[in-house]
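> Letter by letter, the chains look like this.
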Amino acid sequence: MTRDDLKDYIASHFGDKLTALDTGRYDPLYELKAEHLVEVARALRDDENLKFDFLCNIGAVDTTEHFEAVYNLASTTKRLRLDFKVIMSHDNPEIDSVIDIWPGANWHEREMWELFGINIRNHPNLTRFLLPDEWDQGFPMRKDWDAPDFIRMPEPET
Amino acid sequence: MALIEKVPVYAEKIPGGSIVTTTLERVLSYGRATSLWYLLFGTACCAIELMCTGASRYDFDRLGMIFRASPRQSDLIIVAGTITKKMAPRLRRLYDQMAEPRYVIAMGGCTIKGGPFYYDSYAVEKGVDHIIPVDVHIPGCPPRPESLLEGCIHLQEKIKKQKLGDWHKKVRSYDQG
Amino acid sequence: MQTQYGTLELARVFQWLHDLLVSTGIPEPWLTVVIYGLLGAMMFGVLAVLALFLVWWERKIAGHIQQRFGPMRHGWHGWYQTIMDAIKLLQKEDILVETRDKPVFFWAPVIAFVAAFLAYIVIPFGKGLVVADLNVGILYIIAVTTFTVISLLMAGWGSNNKYALLGGMRSAAQVVSYEVPMVVSILTVIVFVGSLSMVDIVKAQSGIFVLDWNIVHPLGLIAFVTYITAATAEANRTPFDLPEAEQELVAGYNVEYSGMKFAMFFLAEFVNMFTVSAIATTLFLGGWNGPFLPSWVWFLLKTLAVVLLLMLFRWTFPRLRVDQLMEFAWKFLVPVTFANLILAGIAKYLGLYW
Amino acid sequence: MSKLHTEEFVVNMGPHHPSTHGVCRLMLTMDGERVVKIEPVIGYLHRAIEKMCENRTYVQCIPLMDRFEYVTSMSADMVFSLATEHLAEVEVPERAQYLRVIMLELNRIASHLIFYGVTAMDIGALTPFLYGLREREKIIDLFEMTCGNRLTYNYIRPGGVSKDIPPEFVPQCREVIKLIRSKLIDYEGLLNENPIWLARNKGVGVMPPELGISYGVSGPVLRASGVEYDIRRDDPYCIYDRFDFDVAVRHNGDCYDRYLVRLDEIKQSCRIIEQALDGLPEGEFKVKKINPFTFKPPAGETYARIENSRGEMGCYLVSDGTNKPFRVKLRGGSFNQLQALPYFGTGGLIADVVAIFASIDVILPEVDR
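Residue numbers (this note's numbering), protein chains in the order written: chain A, 1 to 158; chain B, 1001 to 1177; chain C, 2001 to 2354; chain D, 3001 to 3369.
Among the hints, erroneous ones may be present.
[Unchecked claim] Derived pair list, reagent style DSS-like, types lysine-lysine, alpha-carbon separation capped at 27 Å:
1. D:K3324 to B:K1126
2. C:K2060 to B:K1160
3. C:K2162 to D:K3037
4. C:K2060 to D:K3138
5. D:K3324 to B:K1113
6. D:K3324 to A:K85
These are computed hints drawn from the structure, not numbers from a lab.
Using the sequences plus the hints, can you model the full thing?
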């Protein structure tokens, strides 16, 4: 099942929910509405000839207008790769948890919550685990974050 | 105060006692210098270099330094690797648990001034001497095993020159200052 | 009455010393006190120096096994390294944790240190070189070697620390369950020799250089192997060094000890190792019997050979888990040693021994 | 008499502990010696590498990647350079590809040698640690000859490699491979049939394959449970499809198999290196037109992943057209392995937890970043 059959297969089966983003790269990237996330993710994992059972990574991106959560999937049996992203509003980003589909997402989502402030609905244990316990200076990975002792590297004067 | 400390105080009173104290001082500081048992404490990349220095090519044991697992029995702590803000209180507690004549080697750039993580990092403690008094700084990221050995020999020279009871003033002054 | 000793025998020195003390004319009750006090001090001095030597020797052996040098810088091949360690440990601050159990915490290293020296009263270092030749020598040794477990338990309980407690529990279980195979393998030798006194055991093995030793007899060999395994467990050395397993329990029972208290535990462990090998030599390797060299040199050579064996164990074997340790003791060692004992009895009855 | 009421107590293993690799704290809830629950507490080495990458040019990020995964730092540089090359559609010259494969496989062997030493030390045998590091020093000499540093090599960069190899590299590399092959026989002789080693490792910490896949565990830990999933063969990057090597797979998923899989992988890496050394072409080792300051890949995002010695290492890179990456999300193999540990590590004694933790070979910078 090469990349282009994957594209047509996705277009035919998940056409309405997964809209392809043309980024000119050979790995297909899709966009997904937040409310379809759990249902499409379960379908992608259980589909017979897709079998995306390996969640590589969930990356959160803070483009100053909105938040994106990017899911990178892979299939251990079918040698396939797929990425899709979910767009969220900037003021109070919220997303469903995919823990019951891929339990491996637990810590990825916890990190997203802790460093970006993206609230994860029905996540079993949303507590702080990377930053010191008495951390109170907000969400450090956001673009607009700053702190008194945060020293930025000066620009090289070329 | 270990009981051996009180000997020079009385020896001074008897005539010609000062010869005894100086030789005793030299022997005691020589003893402290030659058998430095270091604590197994490595956080980041410098820990791998610490392991390589303990291995067969550059051997620590030649200098009489063996690793001890518990802070109670070790008298040298080699801070090998980045100390983050979450790790700082633990390092301070480890240092407090060590028995009194204790020394610290700050190994690697991260322990001196934050090293490569000085700019743009919100979670790294910039320099270990904010937390514990440091005796020898070893630059390098990670420093080569030879420079670590050179640092240890440097510390041994420093201990040999120390007077008795010197290390009391150092820790007291550090905590008040 | 004076038995004549060879020229280089140390016993002549002690005879001369004894005559000197008697001639000073101290009244009777005090004379024995002075003599045995002097003997105790000498024994303590010899063993302390031996322990320091063993610590240095272990670090050199470990170094050479692991392709590195071991202590080199301090003296030729680092010979005064352990003396310097002792001097440094003298100066260490004695940290006393507030929540400790004060008397237990204090007396644990003292008992460990004393227990390590008790067994040497009956061990013959050479011809005539034994402090007191009790006719129940072996029974006394078996009773005394279990003293160390009390100190480990006290150390584990006294320092009020989870790791130390776990270490103390493990050491109690281990030493108790390895006591049985050790005693039974000693009994097989008693069956051969017929007497409990150590000097008689060694005398029974004198004769042709190797052929008369107990280890040469097939049953004696099995007894030797089981004895050495049980002995490594008694001395808490790898592969049975669970009480102070660094990886799991940080430093086991001596987690809270620093300075001289820790030095006492450290020296007691090495003196224990020497005790266990000394017993092995007297029982199995023919004590001080040997052709040309004086008797005490033979005794030292054989004991250091057994100590070398124990050291090689430490630097090659991984460590057993607690339940495997117990299983190995009760399910394997105890049946083997009892079978060996029965066979020894039958062999003795049929006269199949030499 | 009613069942003896036993109380569970919590023991802290770490953050300073001889057998945790770096600073990881395992909160063990114990019932006597039996471990009932493990709860890893991490974050002691969180140095915010991703935040720092956002304020550095692409080539300046490479030294940070070295510190992100310092046991196999070649693979960390590789994954970042691969992502940048995907974005900028830069064609890396042949010689650079071959050099990258040689360096990656050498680094994998060095990492497995450290694993071999540290696992043996955690289970009590102190000597294999010294033997493992003795061989690793030979490999470090090779790295020092080419990139000048012992641990953080900064060698693989976007567009190729930083320096060409000196002439005496190839003969000495063949020498090292021959030495490692002969020493492997000693290593296997020392531990593989050792009854105590078998007793401590066989059947301990069995990880079922479905649990592994669902928790995102990858690499030797997953292959020891019977899942034949190796990114070098399933999703070939660089020029791995030109070499023939087979994937080391074992099927009962316990600590002993994870140990054996890594020893097999050392043999496979030696095979790959030899093939790469034979086929090493002449020519450029670096794309000339990449100037560190004016290198601006077009806006876009990509996820590159490679097979590291600890599983799948990924780098999700977003660029907005400037000369600094907009967002870098790194994924190390240890992150998911440590997350899955509580689900297959409990039930044994405290000594088993140490054995299992050593067998999954977790190192903390990958987890905390």
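> Work down the list of hints and note, for each, if the structure agrees.
Status of each hint after checking the structure:
| no. | hint | verdict |
| --- | --- | --- |
| 1 | D:K3324 to B:K1126 | holds, 25 Å |
| 2 | C:K2060 to B:K1160 | holds, 25 Å |
| 3 | C:K2162 to D:K3037 | holds, 17 Å |
| 4 | C:K2060 to D:K3138 | holds, 24 Å |
| 5 | D:K3324 to B:K1113 | holds, 25 Å |
| 6 | D:K3324 to A:K85 | holds, 22 Å |
Every hint from the earlier list agrees with this structure, and none is contradicted.
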